[in-house]
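Participant: The lines below spell out each chain.
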Amino acid sequence: MSNLFHNEEEYYPEINPNLNKFLRRSVEDIYEIILYLYRPIVSARNYLKKWRKESYLRGMENLFKLSDREKDIFLKTMIDIASFKFDEFVDIEKISNEVEKNFSKEKKLGKTFEKFANNFQRLSEREQLIIIKKALKESSIKIHDMRIEVEEESFSLGGYDFFVVSQLLYLLERLIDKLLRLDKLTFELASLINFISIELLRILALKEGKLTIDDIYYDIINLSQYIEPKYPVEIDNRLIKSLEA
Amino acid sequence: MYFSLDTNLILFALIGGSRLHDSIKNLIDESLDDTLIVSKTSYDEIRKVCGKKILMATYYFWRFIPSLAKIKDVYSIEFNESLLKINKKLRSQYPEYQDFFDLIYKEIDKNYKSNAHSLRLEDFIHELPIAFLNDLDKKMDKIKRNWRKVSYGEDYAFGIKCYKALLDIKFKDDVDRLILIDILANIKNINPLIFYTNDKDFGKNAKNAKSF
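Line by line, the protein sequences give chains W and P. To convert, note that position 208 of the first sequence is 208 in the working numbering; the numbers rise steadily by one, no gaps. To convert, note that position 161 of the second sequence is 1161 in the working numbering; the numbers rise steadily by one, no gaps.
If you are wondering where the hints come from, they were derived from the structure by calculation, not from laboratory data. Among the clues, some could well be false.
Said to hold, decoys possible - Derived CB-CB ranges, DEER-like:
#1 P:Lys1085 - W:Asp87: 39 to 45 angstroms
#2 W:Val90 - P:Lys1072: 42 to 48 angstroms
#3 P:Leu1167 - W:Asn237: 37 to 43 angstroms
What the hints assert, rightly or not - Selected chain P positions facing chain W (in silico; Cβ < 10 angstroms):
#4 Gly1016
#5 Gly1017
#6 Arg1063
#7 Tyr1112
We put the beta carbon where it would ideally sit given N, CA and C, even for glycine.
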């Protein structure tokens, strides 16, 4: 069985081997972003200290004690859940719940993850929002760094795959920018955060051979509808007509 | 009253001069007070068709970014000449994307130059597919002011019931099945509804599904 963290030479043939190498390097970052998004409390030690609630993070050191193999099993289950095809009947809420359940099921850290979730609920709504925004900012920095790396690879190595992944990462950054402007906890905020996590898992699914670059292309089309363009363009009839071909 | 159109009929309505454009436009214009219901699956399919070309054209252009980004003064003759040269080269290499390359050229000239001091060219290029797809909503507004998207996701519980009820019906593909589920899952709120299609098989399946 392949391992997300190891087996340098093992990749699925239909995936660009260079992209595969990038994905392997990104597993650790994606693991951390998933933690930030599902357990935002882990990104906010300074705030909790300021609010004299540092005890809410008891057990945090264990998060970094998970071996590569344990992280691998943890992520792979979630990748399986997130690897749906565009023409499947998909219940996104159910998928999010299943990903969430996977946290409690983790052998070593399940209880810690549950405790963090409960502690987060004990915070006031204002504090929760502050912490969610901190987690989103941290995630955005990591996603941005990943994107810059993909872009550099796309220029030096070429390949449509790199471009598609960089476009998706750009959209995730833009989506986070949008969420950072929200001033209260809303259903939209929660569901779009789930969306971002699922998209990151879907990028890893490429490496596992569970999805293709076409699936990611479809995600780009879908995700674009949640984002207001910075520079509106107008599609003239000539362009529309060329779509017919 | 409500009416709905199959994916390709919406595409005909959007694409001026296409085969059934005038007939579909007449149909829509005659339904003046009725609301056009568009299945989210259909809408995503349309976005997919339209998005594929802009994304490919953007990718072809993408490969020239390093050479353009090297030129710091975007108002210089060197920048303009390089931009023109890239456009010319791409137009001859991929003629089916000519209009899209012209759009990219125009947008860089119009919107990128004035923002170049604070914006990476890569980020500007990533914005183009978003803006392009976003304009489709406006095009839909033009063909019918009162239109509404419906998705089975609005009521998953009922959506799942519809999904199960249609399991025995053999569809051409899963997208057709999802279009019908989008409509059926919302039928309580969009009744009575007329569904137009030029696909015989789909029409037959939709009739069978009606009994459910």
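Participant: Would you mind marking each hint as holding or not holding in the structure?
Facilitator: Verification of the hints:
| no. | hint | in the structure |
| --- | --- | --- |
| 1 | P:Lys1085 - W:Asp87: 39 to 45 angstroms | holds (41 angstroms) |
| 2 | W:Val90 - P:Lys1072: 42 to 48 angstroms | holds (46 angstroms) |
| 3 | P:Leu1167 - W:Asn237: 37 to 43 angstroms | holds (42 angstroms) |
| 4 | Gly1016 | holds (5 angstroms) |
| 5 | Gly1017 | holds (6 angstroms) |
| 6 | Arg1063 | holds (7 angstroms) |
| 7 | Tyr1112 | holds (8 angstroms) |
Of the numbered hints given earlier, the model fails none.
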